[in-house]
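2 protein chains.
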Amino acid sequence: MLRHVALLEMKDGTPDSAVAGILTELESLKRTLPAEVKLVNYTFGQDAGLVPSGNAHVAVVADFEDEDGYRAYQSNAEHQAIIKNFIIPHLRKLTTSQFIIKA
Amino acid sequence: MLRHVALLEMKDGTPDSAVAGILTELESLKRTLPAEVKLVNYTFGQDAGLVPSGNAHVAVVADFEDEDGYRAYQSNAEHQAIIKNFIIPHLRKLTTSQFIIKA
Numbered sequence: 001m002l003r004h005v006a007l008l009e010m011k012d013g014t015p016d017s018a019v020a021g022i023l024t025e026l027e028s029l030k031r032t033l034p035a036e037v038k039l040v041n042y043t044f045g046q047d048a049g050l051v052p053s054g055n056a057h058v059a060v061v062a063d064f065e066d067e068d069g070y071r072a073y074q075s076n077a078e079h080q081a082i083i084k085n086f087i088i089p090h091l092r093k094l095t096t097s098q099f100i101i102k103a
Numbered sequence: 001m002l003r004h005v006a007l008l009e010m011k012d013g014t015p016d017s018a019v020a021g022i023l024t025e026l027e028s029l030k031r032t033l034p035a036e037v038k039l040v041n042y043t044f045g046q047d048a049g050l051v052p053s054g055n056a057h058v059a060v061v062a063d064f065e066d067e068d069g070y071r072a073y074q075s076n077a078e079h080q081a082i083i084k085n086f087i088i089p090h091l092r093k094l095t096t097s098q099f100i101i102k103a
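For the record, the sequence lines run as chains A and B.
Residues 1 to 103 in the UniProt record's numbering are what the first sequence lists, from first letter to last.
Residues 1 to 103 in the UniProt record's numbering are what the second sequence lists, from first letter to last.
It is worth saying that the hints were derived from the structure and are not from the lab.
Among the hints, erroneous ones may be present.
To be verified - Dumping the calculated DSS-like pairs for lysine-lysine here, alpha-carbon to alpha-carbon at most 25 Å:
id : chain 1 : residue 1 : chain 2 : residue 2
1  : A       : 93        : B       : 93
2  : B       : 84        : B       : 11
3  : B       : 102       : B       : 30
4  : A       : 11        : A       : 93
5  : A       : 102       : B       : 30
6  : A       : 93        : A       : 30
7  : B       : 102       : A       : 38
8  : A       : 38        : A       : 84
9  : B       : 93        : A       : 11
10 : B       : 102       : A       : 102
11 : B       : 11        : A       : 93
12 : A       : 102       : B       : 38
13 : B       : 30        : B       : 84
14 : A       : 30        : A       : 84
15 : B       : 93        : B       : 11
16 : A       : 102       : A       : 30
17 : B       : 93        : B       : 30
18 : A       : 30        : B       : 102
19 : B       : 38        : B       : 102
20 : A       : 11        : A       : 84
21 : A       : 38        : A       : 102
22 : B       : 38        : B       : 84
Unchecked claim - Anything over 12 Å on all C-beta distances counts as not near chain B; from chain A, calculated:
id : residue
23 : 17
24 : 24
25 : 38
26 : 83
The C-beta atom is built at its ideal place from N, Cα and C for all residues, glycine as well.
So that you can see chain A by itself, here it is in the shape it has in the complex (with noise of 0.2 Å):
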């Protein structure tokens, strides 16, 4: 199984109704990415501020039943629809990796 690891670091000053709206997003995805997708677990969230600073707002740990899976997943539409709309407008920096976990 692949593990996609996303941590999305916002510029200053991102208004709360913009991570907001990514998450709404990201809730509707998990909902609507196809088969190909292959997908084992989805699961994101908002930073629970438990770091006083330097952590990053919004993190994504998408899990995967193999490489081709994630592939579908990176040139999903929706998926690149959000990234465009809801994410890049308001992006500092996108930290990721994949790794191999066992199911």
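Fit chain B to the known structure of chain A by using the hints.
Just chain B, lined up with the frame of chain A:
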């Protein structure tokens, strides 16, 4: 349940052996963390190399029953020793976030 995510970007020129050493230490840590850490799941790995450039090198996704467990993990002596002796010497940037997920 609280999901903690850490993405480690290593300095340029960090030898593969140093990354392998971190992974070995995290494997040992996973087996020896005390009950007070309330560990639900602990996954980590070296980046799978699916993205040509810019990805983090090591990812950790750790799930705890609650915030207290996460705090015990952060202050755990063995965890702190791994950070000090194996990670910091090679670390360029650490990005983290914690978020609530349904178990």
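Results of checking the hints against the structure:
no.: 1; hint: A:93 <-> B:93; verdict: holds (12 Å)
no.: 2; hint: B:84 <-> B:11; verdict: holds (15 Å)
no.: 3; hint: B:102 <-> B:30; verdict: holds (22 Å)
no.: 4; hint: A:11 <-> A:93; verdict: holds (8 Å)
no.: 5; hint: A:102 <-> B:30; verdict: holds (14 Å)
no.: 6; hint: A:93 <-> A:30; verdict: holds (23 Å)
no.: 7; hint: B:102 <-> A:38; verdict: holds (21 Å)
no.: 8; hint: A:38 <-> A:84; verdict: holds (23 Å)
no.: 9; hint: B:93 <-> A:11; verdict: holds (18 Å)
no.: 10; hint: B:102 <-> A:102; verdict: holds (21 Å)
no.: 11; hint: B:11 <-> A:93; verdict: holds (18 Å)
no.: 12; hint: A:102 <-> B:38; verdict: holds (21 Å)
no.: 13; hint: B:30 <-> B:84; verdict: holds (17 Å)
no.: 14; hint: A:30 <-> A:84; verdict: holds (17 Å)
no.: 15; hint: B:93 <-> B:11; verdict: holds (8 Å)
no.: 16; hint: A:102 <-> A:30; verdict: holds (22 Å)
no.: 17; hint: B:93 <-> B:30; verdict: holds (23 Å)
no.: 18; hint: A:30 <-> B:102; verdict: holds (14 Å)
no.: 19; hint: B:38 <-> B:102; verdict: holds (16 Å)
no.: 20; hint: A:11 <-> A:84; verdict: holds (15 Å)
no.: 21; hint: A:38 <-> A:102; verdict: holds (16 Å)
no.: 22; hint: B:38 <-> B:84; verdict: holds (23 Å)
no.: 23; hint: 17; verdict: holds (18 Å)
no.: 24; hint: 24; verdict: holds (15 Å)
no.: 25; hint: 38; verdict: holds (14 Å)
no.: 26; hint: 83; verdict: holds (14 Å)
Against the hints set out earlier in the document, no violation occurs for any number.
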